[in-house]
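Engineer: Please model the entire structure based on the sequences and the hints provided.
Chains as they are written, first to last, in this note's numbering: chain A, 1 to 113; chain B, 1 to 115.
Bear in mind the hints are in silico, worked out from the structure with no lab data behind them.
Keep in mind the model is a prediction, meaning the values are calculated, not measured.
Watch out, some of these pointers could steer you wrong.
Stated by the list, open to error - Under the rule of at most 25 Å between Cα atoms (straight-line distance), these lysine to aspartate or glutamate pairs were calculated in the DMTMM-like manner:
{"no.": "1", "chain 1": "A", "residue 1": "K100", "chain 2": "B", "residue 2": "E103"}
{"no.": "2", "chain 1": "A", "residue 1": "K100", "chain 2": "B", "residue 2": "E56"}
{"no.": "3", "chain 1": "B", "residue 1": "K57", "chain 2": "B", "residue 2": "E78"}
{"no.": "4", "chain 1": "A", "residue 1": "K100", "chain 2": "B", "residue 2": "D63"}
{"no.": "5", "chain 1": "A", "residue 1": "K100", "chain 2": "B", "residue 2": "D24"}
{"no.": "6", "chain 1": "A", "residue 1": "K100", "chain 2": "B", "residue 2": "E78"}
{"no.": "7", "chain 1": "B", "residue 1": "K57", "chain 2": "B", "residue 2": "E44"}
{"no.": "8", "chain 1": "A", "residue 1": "K49", "chain 2": "B", "residue 2": "D63"}
{"no.": "9", "chain 1": "A", "residue 1": "K100", "chain 2": "B", "residue 2": "E68"}
{"no.": "10", "chain 1": "A", "residue 1": "K100", "chain 2": "B", "residue 2": "E28"}
{"no.": "11", "chain 1": "B", "residue 1": "K71", "chain 2": "A", "residue 2": "D8"}
{"no.": "12", "chain 1": "A", "residue 1": "K69", "chain 2": "A", "residue 2": "D8"}
{"no.": "13", "chain 1": "A", "residue 1": "K69", "chain 2": "B", "residue 2": "E103"}
{"no.": "14", "chain 1": "B", "residue 1": "K57", "chain 2": "B", "residue 2": "D24"}
{"no.": "15", "chain 1": "B", "residue 1": "K14", "chain 2": "B", "residue 2": "E52"}
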Amino acid sequence: AQSVTQLDSQVPVFEEAPVELRCNYSSSVSVYLFWYVQYPNQGLQLLLKYLSGSTLVKGINGFEAEFNKSQTSFHLRKPSVHISDTAEYFCAVREFGNEKLTFGTGTRLTIIP
Amino acid sequence: DTGVSQDPRHKITKRGQNVTFRCDPISEHNRLYWYRQTLGQGPEFLTYFQNEAQLEKSRLLSDRFSAERPKGSFSTLEIQRTEQGDSAMYLCASSLFSGSYNEQFFGPGTRLTVL
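Structural biologist: See below:
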């Protein structure tokens, strides 16, 4: 069965500083990987996804992530954060041929002015 | 093109009452999904439909839960005899499946509070 681990439940970062949110996954088959953002009392918005090909994927709002198959990781990065990036971030995995998305427990990103 | 919509956005109910939520997918999307998100957790898959057929149900979907998509368009999720543990955000998503990768688009969710 697939699973996702987000080790950091909360990450405080100063405005304009870089940030990395960590995600590790487990699966016995090939997977698609995703990062979603959730603002308070809202649904999920897709930041970026890895389907195949280049292991470095770029998403919206200046975020990027790198797929590392050997380490089964898909860490999210942004070189310079803004107050508007304050939100909950979820990493998710989906096995090939399976419709179910499996999410991590989320990382709350707090930007300090 | 409107996104996925859910109604109501918020529902407060007393323990033991029945509640029903509605989800309207993106037009022409043939797959529809329900997820549940409890406080401090990521969303968990409940079930999904292709057109009107319910193709998969999670073990999280107890006998008190029932989901339908009668005409292959909107879907309803009913919870009977609600319990305090049912308090959560219920998220709906839809996708257009055509044999390859299909992306799920999420609605804003229905937040249920059981008193």
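Engineer: Broken hints, numbered, in rising order?
Structural biologist: Those not satisfied are hints 8, 11 and 15.
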